[in-house]
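In order, the protein sequences belong to chains A, B, C and D.
So in the working numbering the end of the first sequence lands on 285, straight run, no missing numbers.
So in the working numbering the end of the second sequence lands on 285, straight run, no missing numbers.
So in the working numbering the end of the third sequence lands on 285, straight run, no missing numbers.
So in the working numbering the end of the fourth sequence lands on 285, straight run, no missing numbers.
Simulated from the structure, these hints should not be mistaken for laboratory data.
Just so you know, nobody snuck in bad clues.
If you anchor each label on the Cβ, the simulated ranges turn out as follows: (1) A/Tyr277 / B/Asp164: 54 to 60 Å; (2) C/Ala115 / D/Arg44: 47 to 53 Å; (3) D/Arg44 / B/Asp164: 37 to 43 Å; (4) D/Ser56 / A/Glu133: 37 to 43 Å; (5) C/Lys97 / A/Asn279: 48 to 54 Å; (6) A/Arg4 / C/Glu150: 57 to 63 Å; (7) D/Gln180 / A/Met174: 48 to 54 Å; (8) D/Glu158 / C/Ser226: 51 to 57 Å; (9) C/Ala115 / A/Leu62: 45 to 51 Å; (10) C/Ala285 / A/Asn279: 24 to 30 Å; (11) A/Met174 / C/Lys97: 54 to 60 Å; (12) C/His125 / D/Arg44: 30 to 36 Å.
None of these values were measured; they are calculated from a predicted model.
Here a beta-carbon is modelled for each residue, glycine too, at the ideal position from N, C-alpha and C.
Number of protein chains: 4
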Amino acid sequence: MERTYRVVISCPDQVGIVSSVSGFIAGQGGWITEAHQFADAERQQFFMRYEILASSLPYDLEGFKHEFTPIAERFGMHWYVTDSAVPKKVVLMASKQAHCLSDILYRWRSGDLAFDIPCVISNHDDLRSYVEWHGIPYLHLPVDPNNKEPHFQAVREQIAAVDADLVVLARYMQILPPQLCEDYPGRIINIHHSFLPSFVGARPYHQAAERGVKLIGATCHYVTSELDAGPIIEQDVARVNHHNSTADMVRIGKDVEKSVLARGLRYHLEDRVLVYGNKTVVFA
Amino acid sequence: MERTYRVVISCPDQVGIVSSVSGFIAGQGGWITEAHQFADAERQQFFMRYEILASSLPYDLEGFKHEFTPIAERFGMHWYVTDSAVPKKVVLMASKQAHCLSDILYRWRSGDLAFDIPCVISNHDDLRSYVEWHGIPYLHLPVDPNNKEPHFQAVREQIAAVDADLVVLARYMQILPPQLCEDYPGRIINIHHSFLPSFVGARPYHQAAERGVKLIGATCHYVTSELDAGPIIEQDVARVNHHNSTADMVRIGKDVEKSVLARGLRYHLEDRVLVYGNKTVVFA
Amino acid sequence: MERTYRVVISCPDQVGIVSSVSGFIAGQGGWITEAHQFADAERQQFFMRYEILASSLPYDLEGFKHEFTPIAERFGMHWYVTDSAVPKKVVLMASKQAHCLSDILYRWRSGDLAFDIPCVISNHDDLRSYVEWHGIPYLHLPVDPNNKEPHFQAVREQIAAVDADLVVLARYMQILPPQLCEDYPGRIINIHHSFLPSFVGARPYHQAAERGVKLIGATCHYVTSELDAGPIIEQDVARVNHHNSTADMVRIGKDVEKSVLARGLRYHLEDRVLVYGNKTVVFA
Amino acid sequence: MERTYRVVISCPDQVGIVSSVSGFIAGQGGWITEAHQFADAERQQFFMRYEILASSLPYDLEGFKHEFTPIAERFGMHWYVTDSAVPKKVVLMASKQAHCLSDILYRWRSGDLAFDIPCVISNHDDLRSYVEWHGIPYLHLPVDPNNKEPHFQAVREQIAAVDADLVVLARYMQILPPQLCEDYPGRIINIHHSFLPSFVGARPYHQAAERGVKLIGATCHYVTSELDAGPIIEQDVARVNHHNSTADMVRIGKDVEKSVLARGLRYHLEDRVLVYGNKTVVFA
Numbered sequence: 002m003e004r005t006y007r008v009v010i011s012c013p014d015q016v017g018i019v020s021s022v023s024g025f026i027a028g029q030g031g032w033i034t035e036a037h038q039f040a041d042a043e044r045q046q047f048f049m050r051y052e053i054l055a056s057s058l059p060y061d062l063e064g065f066k067h068e069f070t071p072i073a074e075r076f077g078m079h080w081y082v083t084d085s086a087v088p089k090k091v092v093l094m095a096s097k098q099a100h101c102l103s104d105i106l107y108r109w110r111s112g113d114l115a116f117d118i119p120c121v122i123s124n125h126d127d128l129r130s131y132v133e134w135h136g137i138p139y140l141h142l143p144v145d146p147n148n149k150e151p152h153f154q155a156v157r158e159q160i161a162a163v164d165a166d167l168v169v170l171a172r173y174m175q176i177l178p179p180q181l182c183e184d185y186p187g188r189i190i191n192i193h194h195s196f197l198p199s200f201v202g203a204r205p206y207h208q209a210a211e212r213g214v215k216l217i218g219a220t221c222h223y224v225t226s227e228l229d230a231g232p233i234i235e236q237d238v239a240r241v242n243h244h245n246s247t248a249d250m251v252r253i254g255k256d257v258e259k260s261v262l263a264r265g266l267r268y269h270l271e272d273r274v275l276v277y278g279n280k281t282v283v284f285a
Numbered sequence: 002m003e004r005t006y007r008v009v010i011s012c013p014d015q016v017g018i019v020s021s022v023s024g025f026i027a028g029q030g031g032w033i034t035e036a037h038q039f040a041d042a043e044r045q046q047f048f049m050r051y052e053i054l055a056s057s058l059p060y061d062l063e064g065f066k067h068e069f070t071p072i073a074e075r076f077g078m079h080w081y082v083t084d085s086a087v088p089k090k091v092v093l094m095a096s097k098q099a100h101c102l103s104d105i106l107y108r109w110r111s112g113d114l115a116f117d118i119p120c121v122i123s124n125h126d127d128l129r130s131y132v133e134w135h136g137i138p139y140l141h142l143p144v145d146p147n148n149k150e151p152h153f154q155a156v157r158e159q160i161a162a163v164d165a166d167l168v169v170l171a172r173y174m175q176i177l178p179p180q181l182c183e184d185y186p187g188r189i190i191n192i193h194h195s196f197l198p199s200f201v202g203a204r205p206y207h208q209a210a211e212r213g214v215k216l217i218g219a220t221c222h223y224v225t226s227e228l229d230a231g232p233i234i235e236q237d238v239a240r241v242n243h244h245n246s247t248a249d250m251v252r253i254g255k256d257v258e259k260s261v262l263a264r265g266l267r268y269h270l271e272d273r274v275l276v277y278g279n280k281t282v283v284f285a
Numbered sequence: 002m003e004r005t006y007r008v009v010i011s012c013p014d015q016v017g018i019v020s021s022v023s024g025f026i027a028g029q030g031g032w033i034t035e036a037h038q039f040a041d042a043e044r045q046q047f048f049m050r051y052e053i054l055a056s057s058l059p060y061d062l063e064g065f066k067h068e069f070t071p072i073a074e075r076f077g078m079h080w081y082v083t084d085s086a087v088p089k090k091v092v093l094m095a096s097k098q099a100h101c102l103s104d105i106l107y108r109w110r111s112g113d114l115a116f117d118i119p120c121v122i123s124n125h126d127d128l129r130s131y132v133e134w135h136g137i138p139y140l141h142l143p144v145d146p147n148n149k150e151p152h153f154q155a156v157r158e159q160i161a162a163v164d165a166d167l168v169v170l171a172r173y174m175q176i177l178p179p180q181l182c183e184d185y186p187g188r189i190i191n192i193h194h195s196f197l198p199s200f201v202g203a204r205p206y207h208q209a210a211e212r213g214v215k216l217i218g219a220t221c222h223y224v225t226s227e228l229d230a231g232p233i234i235e236q237d238v239a240r241v242n243h244h245n246s247t248a249d250m251v252r253i254g255k256d257v258e259k260s261v262l263a264r265g266l267r268y269h270l271e272d273r274v275l276v277y278g279n280k281t282v283v284f285a
Numbered sequence: 002m003e004r005t006y007r008v009v010i011s012c013p014d015q016v017g018i019v020s021s022v023s024g025f026i027a028g029q030g031g032w033i034t035e036a037h038q039f040a041d042a043e044r045q046q047f048f049m050r051y052e053i054l055a056s057s058l059p060y061d062l063e064g065f066k067h068e069f070t071p072i073a074e075r076f077g078m079h080w081y082v083t084d085s086a087v088p089k090k091v092v093l094m095a096s097k098q099a100h101c102l103s104d105i106l107y108r109w110r111s112g113d114l115a116f117d118i119p120c121v122i123s124n125h126d127d128l129r130s131y132v133e134w135h136g137i138p139y140l141h142l143p144v145d146p147n148n149k150e151p152h153f154q155a156v157r158e159q160i161a162a163v164d165a166d167l168v169v170l171a172r173y174m175q176i177l178p179p180q181l182c183e184d185y186p187g188r189i190i191n192i193h194h195s196f197l198p199s200f201v202g203a204r205p206y207h208q209a210a211e212r213g214v215k216l217i218g219a220t221c222h223y224v225t226s227e228l229d230a231g232p233i234i235e236q237d238v239a240r241v242n243h244h245n246s247t248a249d250m251v252r253i254g255k256d257v258e259k260s261v262l263a264r265g266l267r268y269h270l271e272d273r274v275l276v277y278g279n280k281t282v283v284f285a
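So here's chain A without its partners, still in its complex pose:
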């Protein structure tokens, strides 16, 4: 993969945005390798993502930012630009179940997904050996059920210490405190084991079995202070039938969870997700 800059923009829609942005890039000889744009007619909001060959531009990322700022200001853009060669720092959090964590670690070590893992945090020690085989630091931060605050404080400190760009809750079975969620908007991803908004909260497969649904699902979403209610990045489902016990649903669901989380994570790492209101635009 050649090195690219990814420019991600949202702003009120008006005539001339694409023209100005593409004109600016063309004026510098910039070669666009991938382009997506979307205008939400109802909200009159515009979204775009350009991927530009870094070698085709006459300046580096800081130079790009400096040159582009006047255009951004003219259109009232909320925007950022990232460098595909700079991997994001992603803290992974898990509890005892390893299906999502294992899947992410495979993608990381095979290079299928490009990112750094400063550490894995868990409230249990079970997954230490597996994680450490990868050469990744493993932090066991236990939870005192009668006083969870120290745990979350330690989590918060660790996230800050490694300067994490993203936190992934890879079946981490604790509910983060609202303040922590609010301090990292759009930077904490969770995988919930139901097709949201159905079956919020605990034991969704049991809820699904009780209701007698014919498909079970999983949802990858940004974490907000309201439980399982944040902007959805990706979802998928799998078919079940009467032969499937709740235990079978848990097993079948694992495969959905890990693939949905992997896709959602990819979209985020590649700067393909734009949050607006409680929804997302995903330039997949």
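Chain A is fixed; fit chains B, C and D onto it per the hints.
Using the frame of chain A, we list chains B, C and D on its own:
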């Protein structure tokens, strides 16, 4: 298709059910063309469906019922047997939208699904010409928004008059009164335009758009006195993205609705659905 | 839906295309409602589709063409622009089976798909009454198995007589002569009842049953002189199992065929399909 | 999971099979936890799989075999019975790519799939450390491209040495010699990275990209002496579009491959797959 008898059974699970049923059938020379059985370990409940070549048995349906009754009584079975050559009488109900109705009518006139349609009932007159082209009586029973009871009374009388085996709400946009639902348990099928239990009630696509889900769905279920809460027969989903307006979701959803309803209807017509509690076993 | 102009472009990739096109549109005050672009890195080919609010432009379609031509020439574009208010003329061809035809006719009469149907052509008379109920002329052009050429000549003349923009083979069970295919490149759509390139030619469900595949499919493609080998527009599959006889596969497959054809047809009618080589870019 | 015996039967269809089998089991007080049967009307062949609670029977597996033999002989059954408590010995073979191997190893170490792994065989040394972390012996058996026979001889000897019940080609990139395939009928499983019968042989994703298909797939099948032509156990597909390069297809396809192989492996391990002719019945 050769004529078959379909024996559908549910009873408390115990040793010897299959042996007794299959032994009885084999003793008469009965040729089983399709067999399904399922034991719910948790509820200790047993379900089975046998399809037997009619010509292989030495008696007709009444004879079968008479001979089989002692076995049924021994095991405390809830059971019935149907004759594949006797089509069910299905009243179709619709409002203005025709996608589900048209789809069902195609399957009926092509013979893909075998059943009789004594009439189509609608609270609007829009679909009269299309239905009547098929040679099917069309009843326009208007709804007075300030007094809906006469409408439902007329519906009830019509269902009784044609001795309907089944009523299909093919996007009929009125909520049936609870008493009517209770009087026809397991005999009224609805198609709801969401992936239940998400988005119960009115305007589910708008609810889905508001929540930002990445898949929309439809649910075919038996109607009970609680809105959109009856036993689910079939569900499916389709992928949507940010480009899809709510109007697009309505359009995309129509295709899911009609195929889910068609599958659910087939399962019911072929006696493949067994309701227990608020769930279904579908021997598809 | 507000009236739009759809500009569809393909050309060798180079710096400045988007800038020039969007700059031209913005310069006229043009409001872009939908934009897609794609650069094929391997072939260095660029594709784009812009949808522009007609009322935002100071000229009509002919004016647009005139003004845009210099840009098109500068970049060596293969391009066209269409008016969303001008429905395409689509000749439907079928034989005896009506599942695809019925589905398309529903979408037409409900307005879900906007197009005109100058006539339906069939080599059988079976579907006359159904088609004529819609007020659409029905042409029965029989095929002499020993001399098919007169049939195809009549088909050709009819297509020319109504000045068809598109011909849809909605399960028309005759193989068009190569010359006819070549005379309408990208303007004849077929639905093939297999997941191509598997099971080219006759009786694909029988071939599928023989091979023991676990999914059956359908393929919507442009017709070329080589049988079932033209550019693919859309495909989908459905799961089958050992319970499904070949007859079941035919039945299950019908639902896949009609939805795949409907999607492919929509893409074409909305000018979302760009053919290059033997492949398509679909800006869905 | 409680211990069960799994009786798997195929024989010519006739009246009385189910009655005899279920009568025999009921006569011993056997508790059937899961039952599947299927009659292929065309070939007049009957298939069944019963899962019986081991503790409900008055004898062990050998006792069962002895008692059941007369029934099996009467109906000309091809049959076997397995003990769910006896894990199968599965030799895994891979080359350099680890997505399928990693996925299987996760299911093994988490207990999601119950089986033993006497060793992993590879023609490369790349995956040694990962496999050995699991405590599983890793055999690097290099291939001399000019003389592959010694490699295959070593493979054959190793399979025999560990008395393998099953060999899984988890993206092992060598074609097994026909004789080896024939010596282990129904006991070597391969994952092919296309939706067979499309794209047999090498570089199927390149073939798929070339043909412009809209879905890519994977196929889990038993290996026979004819390349990629053995009985299919499981298949699935994933959607691709013009944005996806061949490299993207490879990446997207990996997820399909690993889930299809995992499902196929589960079916085999649980004795749910019955081969007949070149097809399978899968009692999933």
